Amino acid sequence: MSTASKGLTAWLTTEEPSSARHAALQNIWRVWMRFASNPLGIAGLAIILLLVFIAVFVPWLAPYSPFDQNLRETLVAPNAQHLLGTDELGRDILSRILWGSRITLSIVAIVSVIVAPIGLIVGCLAGYYGGWLDTILMRVTELFLSFPSLILALAFVAALGPNLNNAIIAIALTQWPPIARLARAESLSLRNRDHISAVRLMGASSLHIVIAHIAPLCIPSVIVRITLNMAGIILTAAGLGFLGLGAQPPSPEWGAMVSTGRRFMLDSWWVGTMPGLSILFVSLAFNLVGDALRDALDPRQE
Amino acid sequence: MTDTLLSVRDLKISFHGAAGIFDAVRGVSFDLGREKLGIVGESGSGKSMTGRAIMRLTPPAAKVSAEHIQLGDVNILGASEATMNDIRGRRIGLIMQDPKYSLNPVVTVGEQIAEAYRIHTHSSSSEARKRAVAMLGAVQIREPERVYRMYPHEMSGGMGQRIMIAMMLVSEPEILIADEATSALDVTVRLEILNLLNDLVRKRGLGLIFISHDLNLVRRFCDRVLIMYRGRVVEALKASELDQATHPYTKGLLDAMPRIHTPRKRLPVLTRDTAW
Amino acid sequence: MVNGMKEAVPIIEIDNLSVTFGEYGDERRAVDSVSFSVDRGETFGLVGESGSGKSTILRAITGLVANEASVLRVAGTDIRKTRGKDFYRKVQMVFQDPYEALHPRHTVWRQLMEPARIQKLQGAEARGHAALDAVGLSRSLLWRYPHQLSGGQRQRVAIARALMSEPDILLLDEPTSALDVSVQAEILNLLCDLQDERGLTYLMVTHDLGVVAHMCRRTAVMQAGVIVETLGVDALVNGGATQEYTKRLIAASEAYGEDPRDLVPVLAQQE
Chain A
-18 MSTASKGLTA WLTTEEPSSA RHAALQNIWR VWMRFASNPL GIAGLAIILL LVFIAVFVPW
42 LAPYSPFDQN LRETLVAPNA QHLLGTDELG RDILSRILWG SRITLSIVAI VSVIVAPIGL
102 IVGCLAGYYG GWLDTILMRV TELFLSFPSL ILALAFVAAL GPNLNNAIIA IALTQWPPIA
162 RLARAESLSL RNRDHISAVR LMGASSLHIV IAHIAPLCIP SVIVRITLNM AGIILTAAGL
222 GFLGLGAQPP SPEWGAMVST GRRFMLDSWW VGTMPGLSIL FVSLAFNLVG DALRDALDPR
282 QE
Chain B
128 MTDTLLSVRD LKISFHGAAG IFDAVRGVSF DLGREKLGIV GESGSGKSMT GRAIMRLTPP
188 AAKVSAEHIQ LGDVNILGAS EATMNDIRGR RIGLIMQDPK YSLNPVVTVG EQIAEAYRIH
248 THSSSSEARK RAVAMLGAVQ IREPERVYRM YPHEMSGGMG QRIMIAMMLV SEPEILIADE
308 ATSALDVTVR LEILNLLNDL VRKRGLGLIF ISHDLNLVRR FCDRVLIMYR GRVVEALKAS
368 ELDQATHPYT KGLLDAMPRI HTPRKRLPVL TRDTAW
Chain C
5 MVNGMKEAVP IIEIDNLSVT FGEYGDERRA VDSVSFSVDR GETFGLVGES GSGKSTILRA
65 ITGLVANEAS VLRVAGTDIR KTRGKDFYRK VQMVFQDPYE ALHPRHTVWR QLMEPARIQK
125 LQGAEARGHA ALDAVGLSRS LLWRYPHQLS GGQRQRVAIA RALMSEPDIL LLDEPTSALD
185 VSVQAEILNL LCDLQDERGL TYLMVTHDLG VVAHMCRRTA VMQAGVIVET LGVDALVNGG
245 ATQEYTKRLI AASEAYGEDP RDLVPVLAQQ E
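Protein chains in written order, with the working numbering: chain A, -18 to 283; chain B, 128 to 403; chain C, 5 to 275.
So here's chain A without its partners, still in its complex pose (with noise of 0.2 Å):
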């Protein structure tokens, strides 16, 4: 360890920080500590920075356009050419997978930023005002708990028409509500402790104790539970892409490829089951850090 470097790890870690900043800094550091002391974390991090990477530079890494079709070399095996093999259209099948990377990348983006403020205010509104607001809110959040995500999901694109965004807004309308039950659950039981007491007595008004203290304590479980759906997400969409609801072709989504590889499963396995593979792999790669993150982020351990 050079001295720098030393020397930002004593900075980090000193029992006396100096500012607000610092002490913010050295928050972040402890939770990195703990998040980074688990393996399949770390591993789960790490493939999502790929794909970030990949998603980035795709232009760069990619050997082969996604689009172009090469009817002479139709559903080859994987060799040093295609190293995964081209589809039923001759197209490179790791250049669409890693172009497909761009809109499994959007669809996680997207569905979070909708999705977690949504589920936030309408949980913290809720959990803490109780009453009529708790009853209404709830009532809502339930009629959209009662269908299976699938088919809520399905019947929105249906209605708005087939393609990746409308996929996404149907995906962000099934998975708030179980965020908003999560965030309602964490405001009740954070509504009467001792330190919202305090704020009330200082004659704070109900909306900036929601704001400025029951929120932000719902956030860590929110990431977290967010971070754990995305498996569920990207399914989704790969579900919705499968049964030609979502992207269209010629777009190279995950789980549209899955369903052309479909018909050639017996002779040509590969067409499919390279982006299951990659499906597989991002799902397990969400769900390990999720988990890394509920146990980085539990304030019960500091």
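Where hints are given, some of them may not hold.
To be verified - For lysine to any residue, the following SDA-like pairs were computed, each having C-alpha atoms within a straight-line distance of at most 25 Å: (1) B/K378 / C/T86; (2) B/K392 / C/A239; (3) C/K85 / A/D175; (4) B/K190 / B/H143; (5) C/K94 / A/H189; (6) B/K392 / C/E258.
Note that these hints are calculated values from the structure, not bench results.
Remember, predicted model here, so these are calculated numbers, not experimental data.
Chain A is fixed; fit chains B and C onto it per the hints.
Quick look at chains B and C alone, frame taken from chain A:
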């Protein structure tokens, strides 16, 4: 003290963490006879950890070493896990501060006591039931038959603590470790529980290790007192001679307590010496 | 004041205060028609065992639990219906478990700045430093989180936070029962000093008669939601209690008090 039930020599417990080594217990030695031995200390003194080590219930991160922890013919340090399972509950019982955490919430308290008896004696269930009801009577619970069918959440604090004591006693241990067993109880209930513990030591010849933060309580209740500070026994004396304590920490603790009958304007504050 | 005698001015007046928990049909009176008043500058104790309703009274005064009363006045202002901004400046509370009472993810400084921000106090930073000095906390702890503090330091932070709005009344809910004896002594001394300096009025809930004897001038003894009797602390400790329950409480407390007699004979008598 005629015979020694338990002998602890040079017990050390340390935790090896990311922040370095933390010594929770730094060389504790004592012998326990058929008596009430108090271990007193503030939080972080290592008193609870000492009790845990005797039952080998320290957390996995803890490193325990000692010359010996001798229970009769068994050295607890080297005993197999199977031997320890036999010792826990059967030869040494542990009562903790909150009975709610030690009882199974979905099984009636009577059945839990009967179960404890059956595991250790391999007797029939009707026999175990009879013993359990008798034991509930022994810890002065009125209507033991009715309480037998109650669930832990229906218990008040004092009653829950009696149930815990009944559960520990049903397998007739030699030693009872009470870790802050009365701290959460109201004063009037506390007296009754102490009374019960006192009877048990007298009638059954138990050895009682009474771990507490309450120096006044311990001095009035126990025969001997060990005062612990930061993992060491700073002083060991007869409870009746606590007034003649010589160690500044013991004196400081005694002074710092508010007194009912001798009011003082300010309470003397303990100054800690790093050399203790 | 001609003769220099301080006149007793009631600052908290409570008459017929009741608190009911539970739904309609399954109601439980946690506090039942309680009346007492606290004079400016004194420390008034509320003593009782768990479930006696003593903490509930503090929560009723602050409006944290719903209640009904014929009189509920603080500094002459009726607070039965609404409590203005002024109330929350004048009255502050210190809780039993300081770890629970502090925001788990805020630094010490942020804990102190929160009341300043909510109540829009002038000169927040100066007040913060003054509060820290008043409770004897070192500046080096400013940016620590509650989990990085000792129990005594946490309670000092909680007291400093309560002092930010320069209140007249502190409601103390078992402020030392979660602390070690030596730390308890420090916190009790601190509370006494603050009272001397600022003329604070304390309403103190505790189960520890030793603490009451040390801190309070008068105390109410509570059992099952009712005030059994209200008496001066001198009378309390010198056998002036008239009610059976009070006597029993004192006997039980003294049974393992500082009296060096052996406890066993006392226990035998109890049987």
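Going down the list of hints, with the structure as the test:
1. Distance check on the hinted pair: B/K378 and C/T86 sit about 50 Å apart at the alpha-carbon level, beyond 25 Å; violated.
2. Taken as a hint, the B/K392 and C/A239 pair is honoured in the structure, with Cα atoms around 18 Å apart against an allowance of 25 Å.
3. Proposed proximity of C/K85 and A/D175 is supported: the alpha carbons are some 23 Å apart, at most 25 Å.
4. Of the supplied pair hints, the one linking B/K190 and B/H143 holds, its CA atoms being roughly 8 Å apart against a limit of 25 Å.
5. For the hint linking C/K94 to A/H189, the alpha-carbon distance of about 21 Å falls within 25 Å, and the restraint holds.
6. Simply put, B/K392 and C/E258 have alpha-carbon atoms about 21 Å apart, close enough for the 25 Å limit, and the pair holds.
In terms of the numbered hints stated before, the structure departs from hint 1 and from no other.
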